[in-house]
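Line by line, the protein sequences give chains A and B.
Residues in the first sequence are numbered consecutively from 1, following our numbering.
Residues in the second sequence are numbered consecutively from 1, following our numbering.
These are calculated hints, taken from the structure and not from any lab test.
All the pointers check out, no bait thrown in.
Quick look at which bits of chain A chain B covers, simulated, 3 or more residues with Cβ under 8 Å: (1) 124 to 133; (2) 137 to 144; (3) 171 to 177.
Here a beta-carbon is modelled for each residue, glycine too, at the ideal position from N, C-alpha and C.
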Amino acid sequence: MPTRITPLPLTAFTATSTLGSGRAAHAAAIHADRGGLRPNDFTRVPLPCAIGRVAGLEDSPLPAELADYDCRNNRLAWRGLNADGFLEAARECIARRGADRVALVVGTSTSSIGATEEGYRTLDDGRLPQHLRRPVLHTPHSPGLFLEAVLGTRGPCLTVATACSSSAKVFAKAERMIRLGIVDAAIVAGVDTLCDSVLFGFNALELVSPEPCRPFDPARNGISIGEAAGYALIERDGDARAPRLVGYGESSDAHHMSTPHPEGLGARLALADALARAGLTPGDVDYINLHGTATSKNDEVEAALLGDTFPKTVRASSTKGFTGHTLGAAGILEAVITLTAMREGVVPATLNSRDAEPVCAAQLALTHETREIRVALSNSFGFGGSNCTLAFASGTQHRA
Amino acid sequence: MSALTVYVDGIGFWAPGLADWAAFSRAVEHDDFALPATATRPAPGALPPTERRRAPEPVLIASEAAGQAATMAARDASKLACVFASTHGDLAITDEMCATLAIEPRELSPIRFHNSVHNAPAGYWTVAAHCHAAATAISAARATFAAGLFEAAIEVASEGEPVLLAAYDIAARGPLAEMAPSALPFATAFVLSGARSERTMARLSLRTAHDTAISDDVPASLAPLQTNPMGAQSLPLLVALARRQACGIVIASGRDTALAVEVTP
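Starting from the given sequences, assemble the full structure and let the hints guide the process.
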């Protein structure tokens, strides 16, 4: 088992999804049980399903000086960066700490592959069309290159791409770099946008629901796909009132590329690792933001884990009924939703779900609940059997 | 920052015509590498026979190099946390998927889709090795090798356990090749640990550097391997390790930063 880590303050954080830009938009949706899924109007070839689409990206090109990076994914990265004053907070931190002392760790699954798809639809004599002949768009590190150019960090910069755990794992990378003294702060991010690859890919796997997804409902029938950008600024030290990253656990299922381990072995290892780093037991946890994709298998495995590991008093929900599954951005989007829930004192609903799997019915919040949340977890599991659990604690203003 | 120090306990290597670290080391010594006329694929013993036949090329070459490194280090692969680093991921599947999506998106193959994730080699490797440890897949453009090496060293230093690093890229196909050039497949792997042992081949001290020239000391006959992005990024360090000489290597690691690696046999 790993040793305890020193909690690190999250001095700024924000998210942008179909619910809107910034924490207030997400808080308002959670208080009102108002989701953002709507009928698919994204794909050119019809695909009956619900999507969590961020409005207006098509009409929001990047500023002229960043035009080389212009594509849907980097537009969403830019919009997200400008919410909640995050860009100013990040720049202030870089100025205060020194650009060499700030890392940039980005999570994504499909990066800007939407631009590559568009190029293949509009080939010009066998080549990508002129306006898409920009190598920075056709590589997994596209969001990392874009954000490094915007922010001017000179510390380590990398893109983590482990499918749907990507932007949860960025928190682990950041903590290690700060602990070892490589940097004093890290900007962690997650960005993933709607594209044909994921919509038709999950459709080919028969995992897409025709309706808005219903996590943990016995009648659930698949995922809804969304898009999001999220950011957090993690520092070595800072405002005692800021919430803290207190733990994380990473593991591998070692079972199958796209089916979870039947007993959730990897998920259990990630949870145990996160609790050990945080010095917590299951009974200390107030709220769990579940991975809860609403596929038959994922929710079955995660429901069993929830039901047999946590006391009936813990509150848990999946917020994918609000936002859709935002894939490589899900880790950080749901971390920010969790931090927002802690600040607001509200447990988000498991939106769209009418009933809960019996094994976790006691723990699962079907409707939103007012409640103090001091310690919370967030689960993210991905293809390749990649699992990550994050643990957060509220800052001092919430302490008795 | 003070330097991060790790020990190389095993090295894996695979490229066309160079099936392992011994073959690569000989080619460095004699400077007599010749690219074979026909394409070849490894059949990694680390994978079950069915996967050896049908797994995507990145899985094959990364698993081949990773298996060699774990064997050389005499480490139980089921216990090794791993970092898989690739500049561009599966360029063949990206080309095929985008071509299918342009014509008939509903024809997209489910297997191809789940194999398209950047962590597919990490997924196949951990399944084959029965490894439940943390596995990460990263990309950092021309700094991918440096970022992977640095991340693996960070995990060694912070978690106190050895870490497997596999770094690879395959050849580009189709219209994507103009944007992400790569002429051939190339993979290398290290097992890194935090303490010197009887298996140790070299000590690496890693430090961030600025305004430093990137190393490019590679024997002339090995130049074809630099047409692969991971070959271009990793060869100066691999050559230094093969020569078993103490030296300093500088690898690109960011927009205007570099990773300085002090190699001590």
